[in-house]
Every structure is written in structure tokens, then in C-alpha cells.
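Engineer: Spelled out from the first residue to the last, the chains are:
Number of protein chains: 2
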Amino acid sequence: VTTSIHPFSGVGRGSGADLQLTFRARGGYRSINHRVDAGSLRLYRWYYSRICQWILGTIIAVVLLLAFVERPSSLSISSDPRHQSNRWEPPCGAPESVEMLCLFIFCLDLAVKSYLIGWEEFRKSKWLISYTVVICVSVVDWVLSVSMECDEKLRVRRLVRPFFLLQNSSLMKKTLKCIKRTLPEIASVILLLALHLCLFTMIGMLLFAKNAWELHFKNLTTSLTSLLVLLTTANNPDVMIPAYSLNRCYAIFFITFSIIGTYCLMNLLTAIIYNQFRGYLLASQQFAEQGYMDQQQFRRIFDELDKDCIKEHPPLPQYTSATLQKLQVVFSHYYLTVLGNLVALANVLCICTILVLNSEKSTEERDNNVLEVINLCFILFYLSEMSVKIFAFGWRGYLSYRSNIFDGFLTVLLLILQIAIFITYRLPYSQEPSSRGVMSLWEMVRLVNMLIVFRFLRIIPDIKLMALVASTLLDLVKNLRAFAGILVVSIHRHISDTVCVRSSVFSMDNTTSNFSTACGTYEQLGYWPNNFDDFAAAIILLYDVMIVNNWQAFMEAYSRYTSEWSKVYFVCWWLTSSVMWVNLFVALILEYVTFLFLTVPGISVRSSLIPLACFLREQIQEPTEEELACQLHQHPHLHLEWRHEHQNIRPSLPSLRP
Amino acid sequence: VTTSIHPFSGVGRGSGADLQLTFRARGGYRSINHRVDAGSLRLYRWYYSRICQWILGTIIAVVLLLAFVERPSSLSISSDPRHQSNRWEPPCGAPESVEMLCLFIFCLDLAVKSYLIGWEEFRKSKWLISYTVVICVSVVDWVLSVSMECDEKLRVRRLVRPFFLLQNSSLMKKTLKCIKRTLPEIASVILLLALHLCLFTMIGMLLFAKNAWELHFKNLTTSLTSLLVLLTTANNPDVMIPAYSLNRCYAIFFITFSIIGTYCLMNLLTAIIYNQFRGYLLASQQFAEQGYMDQQQFRRIFDELDKDCIKEHPPLPQYTSATLQKLQVVFSHYYLTVLGNLVALANVLCICTILVLNSEKSTEERDNNVLEVINLCFILFYLSEMSVKIFAFGWRGYLSYRSNIFDGFLTVLLLILQIAIFITYRLPYSQEPSSRGVMSLWEMVRLVNMLIVFRFLRIIPDIKLMALVASTLLDLVKNLRAFAGILVVSIHRHISDTVCVRSSVFSMDNTTSNFSTACGTYEQLGYWPNNFDDFAAAIILLYDVMIVNNWQAFMEAYSRYTSEWSKVYFVCWWLTSSVMWVNLFVALILEYVTFLFLTVPGISVRSSLIPLACFLREQIQEPTEEELACQLHQHPHLHLEWRHEHQNIRPSLPSLRP
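For the record, the sequence lines run as chains A and B.
Numbered continuously in full-length UniProt numbering, the first sequence closes out at residue 658.
Numbered continuously in full-length UniProt numbering, the second sequence closes out at residue 658.
To be clear, the hints were calculated from the coordinates, so they are not data collected in a lab.
Some hints here could point you the wrong way.
No distinction is drawn between identical chains; accordingly, a pair holds when it is met within one copy or between any pair of copies.
The calculated DSS-like cross-link candidates involving lysine-lysine, where the alpha carbons are at most 25 Å apart (straight line), are [as the list claims (entries may be wrong)]: (1) Lys218 to Lys326; (2) Lys180 to Lys126; (3) Lys153 to Lys126; (4) Lys173 to Lys113.
Everything numeric in this text was worked out from a predicted model, so none of it was measured.
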């Protein structure tokens, strides 16, 4: 019997407190808090002998496998209800008697375990208490089931069976504990995902509400489901096709959603889970600690970076009147921003409610006037908030915050729109509303609503977690230029390959006449807008193949209309984009998050923020003087006279070093 | 102007040689090897000024954006050929004149660059020479294009345009270099993926050749395409449904393929790319080096592990006759194994050829006799190989290699099958072949072929890369028990939730009558075998949702037949399985590969192999004596008399430490 420390006292999560002394057995860690008299020790050795534990494992497997033979049993050749003729059902009582035997053995197991650790320890062990409860529930449910001759509606004991497997493996219990500890971090990112989803749902509903493609955005539930499924890419081209077919600009909405949601946020989740479980399997304890920069070193770098990154704001304007000074204190307070955020939230909720109410009505029935008046009130509030802030911070102070510029710009835009609406529809001498202008009232209100939803994004810097994730994403995007460049190059090359030889490889012109007669997946799903007819269309097609969902439809259609070799083209693009580029992107996100976890001891996603942009500057290191000298020595245009008597060669080159 | 070292001299890839002195400019690293006279320096400063570089960047953007307006232009509202009415095409000459302007500026750029670095340096720079060539080609193509009045078939200069972007960004050039360096590693894994694909294609063709589901496995190309697409999960339930509908056991084939290919190999690729690019972005140079165990420390651990892992083989048998001894040397030589592998490869290729030839014929026309005779010859060779090896190594020596057990077992099985075929079909007094036995000749030959393909797996340990990856996967699987347990628990719980309340939530019985009338995606695609009618079917359904492709079909069907709340159930399962569990799995693979890269300086996938199983043993660390004593002090059943006069408390507990 060897002893061990807790294997989960992993990287960056204070390992001292987790230290727990356990005895190691085959596949588990057992508490040493058991009786130590001779009889108990003999029982202990017998209980933890290989044969006993093997029997227990078999019994657990049997209990879990019972699900295959219990009614409805899985003992038929096919699970297709159209083919199913002879499903063999066990006689009532056969699986039940096996189950009773297993339950009896579990009772024995519980008794031995409880005896060995004693009453005091038993009371403290939540797992053993739950074990008792689960066995009791199973027995009661078994009795009920037998008394009802296997015709019960609900078998509770099926629900609790997996517990036996969990209970028996200490390693599994600890994995579960580790997963539980990771949950808050995961929940944070999932929250962000939910916000992302809601925001895009609203924009989508506003964008697509009127038009013909009501299939995917007809009401709140449908829109939410459509976008949730798009997050997993499972309905990728299909959800986009109706809108994209009408106007190619709508593709931007879907592509933005996928890039933020699927590529960034989902991969961030992977990175966080990876870093939480880092060091879980492997005993790289001291090795991982070597990996840390020490606290002081880190602090120094961080301070240096702060100098670059924190921007100075101009001083507040000085007012002479005491009332004005008091007002200035009130208006420059943080709570004003919070109030502004709350009002923006209320506005968005308001729009959302009216959208849901309107989704059942036709376009004509919808009452836009109420919504418009409500919006006007909110916009007046935004305007007053803006002027009050300008009063408190002064003109230059107001503009020195980027969030204020964002707010102010959108508020002014909203005001202009509202005035336009007022002039066009509210003035007494206005003509018939429907006959006038470029936009109808409905469309104008829709635009206002979208701007308001967009303005709601101001809350992002105020929620710490979101600020962290958002700035991570922004930093990543900023620093991905090289990668994005390579992607652009490869897309460009791929498309050029195709478009310039398009007439020989594939021409939609031949098939334009028979849109209705063809019957492959491509035609059935109406993938016509995805073609190589021009550059923009080709980009969207290649994007769809990169997402990989339903790419076989494109492959099949193009190999049908042209030759089998077009399959090679698609496979090449898949390898370039989906395999290479997406993996590079995942690697970068992993690298960034790992860097955060490794360098800052005890960091969690919610606790701290280091802008990547700052760290990247550190990448440029000064070469040593010797390297400089060596390189200069080989310079083809610079003929320096080296003084060979001095071995330490340090030429002075003021012209090269400003 | 500051100086920098090469930012790519990353982790684990000898950084000394890569050291390169460059001057840093905005977004790039420039060589210092330029002229240093006053005029040149002025020109140099002007050329690298912000405004000049900005103009150059704009020109490159313009050249790349030209693709949107050139014929066929993207300037139409929709890309759908059914809606397309008025595509605006620029007049011939308009984009061409813009392009000429751009090309002229590139010429200027090239001239200035070449002048600044001089002829000697120009000759050495591959990028500048390529730049010259690309400009020349573009100009020639441009002249041709204009002379043909924009009616040319192939525009070569479109193909070379992305080069301008690449050429201008040093950072991008270096990223490309880094990608190039990663390619061999990636190619290795892709090779393995290709082998995996081919093997499963052959098994699939043998398994599904005769039956009705010829859609996905009717010939070599179709099978290969189907499985390649399955690797990306894009046709997940569809490819499985016809076979699964006939017999539920066929699901195992597809699930095995996906787990090995999609989950293991593809994630291995991610892990390798991640580790190749680790340290690419961030300046964690010395920090990464701290992370290494030093070579000696590693060697010590490795030696210790070797002791556990390398198995002793029994000595070769001693023969007295000189001829026998000579024969023993020949037969125990490594080349015999190589020969065996080559013969196995020939056999598989043989089967593959006949399969391809047969795929055009109907079942009756197929000539199984030729194949059967060929197989007989190969099996006789295998048999002689086996006996010769037993002669050389002795009975116990032969069995001490696991690969020999695998070979021998399959060879004996093949022999028995061949004898069975001979007895049934070749003996003169045999009856009509079709009327007899459980299997037809065709099915028996098919079984033999499958076993031969399976036996071909013997090559795996002989190819180093494959051995590494395969053992990595095996180790991972072995050590994933805790995770797999949790997955089993969550599947079990999820299914129990459903199956036991199935009568209230969803009953297929109501809908069995109208299979043909319903018309959702679920019904159209014939997803009937995926239901919650029994445990095994429910497992496959949840597996399909975990893969996420087309999961919206299940969600939609179940919310239609039951209530909207079933959506919540599916979303929960998606979060549990796809988001949580798959990410955990990815994290583990990443952890393992990262561990390999971090601990072994200069390791690459192809160079070395550390079984994870061995390292995992290290996870169990001895606690210090003090921790032991402290824990024992708190033991509820053990009342030790502490001698308080000795501060160093070391109780002797022989009974607890065998």
C-alpha cells in the first residue's frame, strides 16, 4: 500500500489546502480512517482484495446493462418501427430477480464499508449516506414494481442506477468534483454565449421580420432555435439561403454570428476547460510551478505595460457656482452610467415584448405608433444623459472615453431619425404616408430599434467578465492580421483558380433552364445562390465549405455538373481552411488563454485582464551587442574599420541609432 | 529604430540557428543590409515613412478588391441565378486601367527596394526575385487581356495577385515559413487519417456490398467520399440510417469510425498544430525554457519508466545442428517481418482490385472462385511464416510478442474458414452450393477478406509514427476510464429520464400508422430508427445529437410530436455531451501532446514515444513523513502515544506499510 497526495491539486489553484492523505488501491484512493484492530484489518484486506472488487464491478455492470433487456428491451434486429416485428421481451420477474440479487450485494457492500469506517466517519461521508438512500429507494421501487406486475408507469430506480457506478470509483468522484469546480468558469462563458444569442436573435427578428423568409425567424422561439442550431453549425447554409438569395448583404449577419459564436466563444470555452484540467492527469506539479514567472517579475512587466495602456483623461471643468459644482459631482458619479445601462436594458426589453406581440400579427395590423412614442421617450432620456455628461466632464473629457463617443454618435443618429419620422408623418400638412419617401414608417421604426439594440452594447465594458472576454477577442482579432492575411491569400488563390477557369470547369448557364427538373440535395435545398459565378458568391460558397456542414451537397452537385475532379478541389479547400486555418485559430486562442493561466498564479477568467496587445510588444527583444556587431560585420554596404587590438568590438554607430 | 531577434525561434526548435538581426518597423521586420550613404538613408527613411507604406497598403488592397468588380462582377443584389436580372458589368478597360496604375506603383516599389539593398543582396532574396517575376507576368497578361478586349479565357494575373499582399508583410512571410515548418508533422497525421479512411472504406465495402443500401457504398469512390464526409460529421446520421435500419449492430462500424477519426485523430491534429505554434505569438522565450525539465532529469525518469514498461522475452531455443542454427538466424531476422508485411499489403491490394472490378457487376455475375484461390495462396504463406517463426523463436518466444498472437490467431481462423469452404464447396460429393449451410460461398469469402484486411493492421507497430499515434490513442483510452464512466453515467441518466417517462413524453406508436403522410425533415430523411423506444436505440439517438450534425431534425420532430419542452431536453444533452464532454476529451489530448512537447526538448511526433500509462504512475507521490504523521494523529480509530519530547515525530507502523 503506497500513499499519495491529492491528484487534483493542479496548476494555479492553491494546492496546499487540497492536500489530502489517502491510500492508493487499484484505480482508487481510499481514506485511511478505518478501524485498525486485527479482525477489522483482515476484513479490510479481504474486502479490498482483487476478487471482491472485481465481483462488485461485475455487479455494477450487470445493473447498468439491465437497461438493455428490461421492457422495452433492445433485443430486436432493427430499431426501425417500420421493420420491427419480433421484439423479444423478458418475462416479468426475470430482470427483477437479477436486480434484487444485485441490490442485496450492494447492501452487503454498504454494511461492510460502514462497519470498517465506523459510525462517526459514516455520518460525515455524504457519499455513503446517499448510497444508503439510493439503495432504499431502489428496494421500495422494486417492491412496488413487482406488486404491479411490471406494469408501472415510472421506474424511479432506473434514474438512480448510475449512482452505483459513481459511488464505487473514487477517481470518478474526484473527476466529478473537478468538473464541479470548473462549472463557474464554464457558466460565465455560456452566459456570454446566451447574451450573444439573444442579441443576434433580436437583430435577426428586426432584420427579417417582414420579408418572405419567415421559416427561420417567424417568432421568438423559432429565431432563437435557428440561431442556437447555427451556433453548432448544423443548419449552416440552410438558415442563410432564403435571406441570402434575396440580397447578398444579409450573409454578413450570419457570418458575423458564426465567427463570434462558433469560432471565438466556443473555442474560448475549449481553452478554459483545457486550462482548468491542465495538470489533472499528469504529475507535473513542480514542473508546472517552474513554469510560473515569479510574482515580482510579473508585477514588473505588468506595471511597465500599464504605462503604455492606460490613457490619461483631461481634468474636469471647474465651475464657480456651488450649485453647479454639486450637480457636477452628481452627474459625474458612476451610478449615472448604471442608470443609463438600466434604461437601455428596459428599452431593449420593451422592443422585445412588442416584437413578440407583433410576431403573430400581419404587417398591416401592427401598431408602430405606440412603439415609436415609447422610443421617442427613451431617446429623449438618452439625449439628456448625454448633455448632462457633457456638462459634468466638459466637451473634451466626454470625448476622451471611447464608450461615450459610441453612445453619443448613436444618440445623435437616433435623434436625427426621430426628427425625420416626425417631419414625414406627424406634421399636419403631411401627405399620404405610404406614397412618400425612400422608407416607410415601419422601416424607419425598425431601423431605430436596431440602433437601440446596437446601443445596448454599451453595457459590455461595465460587466467585468464580458469586458475581459470581449477585449480578449478584440486583441486576438487585432493580432490575427498575419493569419487573416494568409487566409485572404488562400481564399483569393482558391477562388481565382476557380473563377478564371470557370467557363471550362463549371457553368451555371447550362443549368439555368432546368432549375426545377434536377433533383440532387443541392437543388432540393435550393443552394442556387451558392455558386462560382462571381467573386463575392464564391467567397460565400467557400465559407460554407469551411463550416463543413452539408458540404457534401456542393461536392456532389459540382462533381455532377462538371467532373469527378471537382471533388479534389473541395477536399483541398477543406484541408486548407477547415483543417489548417481553423486549427491555427484554435491554437491561438488556446495559447492566449494558457498564457493567462500560466503567468498569473491563481488567475481565473473573472479575476484579471491583461491586454494581449501589450504583451505582444514585449515580443521584440533587444539583441545583444555582440549579435549586433557580428551582423554589422557582415553588412555588405558598411565597411567599418575594426580595431583588432580590442577583442571587445563595439563600433559606435550614431547614424543608425536615432 | 529598435532591433529585434527572430520572433519565430520558438519552443523546442533549436532557436540559436534562427537568430536573425532585423530592424523593426510598423508591422514588419526589415533587414539592416541596406546602403548607408546619406542619400540612400534619406530615401530609406522616406520609403519606410508612414505615408509611403500606407499608400502601398492601399494599392495592394485595391488590387485585391478588383476581383469584386472585374467580369463577372459581384455588383448585383442577389447571387441567385434564378433572380439575377441586372448585373452591372464595368466597361472593358476601366478595371484594367486601375490595375495598370497599381502595377506601375509596384514597379516603383520594386525599384526603390532593389536600389536600397543593392544588387548583391537582391540576388540572394528569393522574395524580391519572385516579386519581379510576378510583376512581369502580370504586365504580359495585362497586355494580352487588353489586346483581346477583355475576352480572354484565363486570367493568369488573377492567380498571382495574392502574392503582392504576402510580399509586402514580413510578419506574414514568417508566419508562412512557420506553417511550412509545421507541414511534415501535419502530413504525418493526415497520412494516418488517410490510412484510417482506406481501411474503413474497404471494411465498409465488404460489409455493405451486397445489400440494399448501395447509395453510400456502391463503389470505391462513393465509399471513400461517404467516409471522408463522415470524418467531418457532415452526413452523420444519413450515411448510417440505411444500414442501421436493417440491423442495429451496423451502427458500431460508423461509431468506431467517427470516434477514431473525428474525435481522436482530428483532435490530435489540433494538438500538434497548437504545440507547433506555441510560443509563436508571445514573447515567453526564457519562460518557456524554464518550463523544460533539464535533459538529465528527464533521462532519469525515462530510464525508470523503461524498467516497468519493457517486457523480457524468453531466450531463443538452442539447436544443435549447424543447418538448423543457420536457418534460425535467417528466420528470426527482422526482414522476415518486413516481407510478411509486404505480402499482407499485396493481399489487401489484391482484394481491393477485385472489389473495384466487382462493384460494377451484380452479385450473380461476380466470380468468387478466383479471389478464393488467391486468398488460399496468401493464407498458405501466412501459415508457413507462422511455423517458421515458431521454429526460430520457440513456442514461448513466439507467444511473448503480442503482435504474433494477433497474427497467429487470425491465421488459424483463416485456415479454419478455408477448410470449411473447401469441405462445403470443393469436395466432389458436395450438393448444390446455394441450398446448404448457414453461409453462402460469397459470404464466407467476404468474411475471409475482412479478416485479411483486419490482419493487415499488424503493420501498425512497424511504422514508427503510427506506433506512436496508436499507442497514444490506446494509452488515452486506457486512462480515460474515469471520463468514460462519467459519460456513461450521464448517458444513462439522460436515457433513463426519457425511457421511463416515455409513454407520457413521446410515443412512436401513435405515429406508426402514418409514416408516409408526415413531412418534416425527420420523416423525409427516414430517421425512424432513431427513437427512444428502447435503451439501445436511445443510445444511438443521443450519440447522433452529440455529433450535432442534423440534430435540429430530431429536435424539431420531437417538439412536434410532444411539446416544445423537448427542445430543452435536447439542448441540455447537447450542453452535457458536445460542449462539456467533447471539450474535456480535447483537453486531455491537448494535455498529453503538450506534455510530450514540453518535457522532451526538440521532440517531434515522429521522433520519440513515451507511453502515457507509464507517466501516469508517477502521479502517485509519496507524502512527506510529516504529512503522514499529521494525518495519523487525526485518525479516529488509531490512538498512538506520541512521544512529545521528540519534535521529529516518526511513528513506526509496520502493520500499515507492508
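Engineer: Could you run down the list of hints and mark each one as holding or not?
Structural biologist: Taking the hints in turn, this is what the structure says about them:
no. : hint             : result
1   : Lys218 to Lys326 : neither (51 Å within a copy, 84 Å between copies)
2   : Lys180 to Lys126 : within (16 Å within a copy, 55 Å between copies)
3   : Lys153 to Lys126 : neither (30 Å within a copy, 77 Å between copies)
4   : Lys173 to Lys113 : within (17 Å within a copy, 65 Å between copies)
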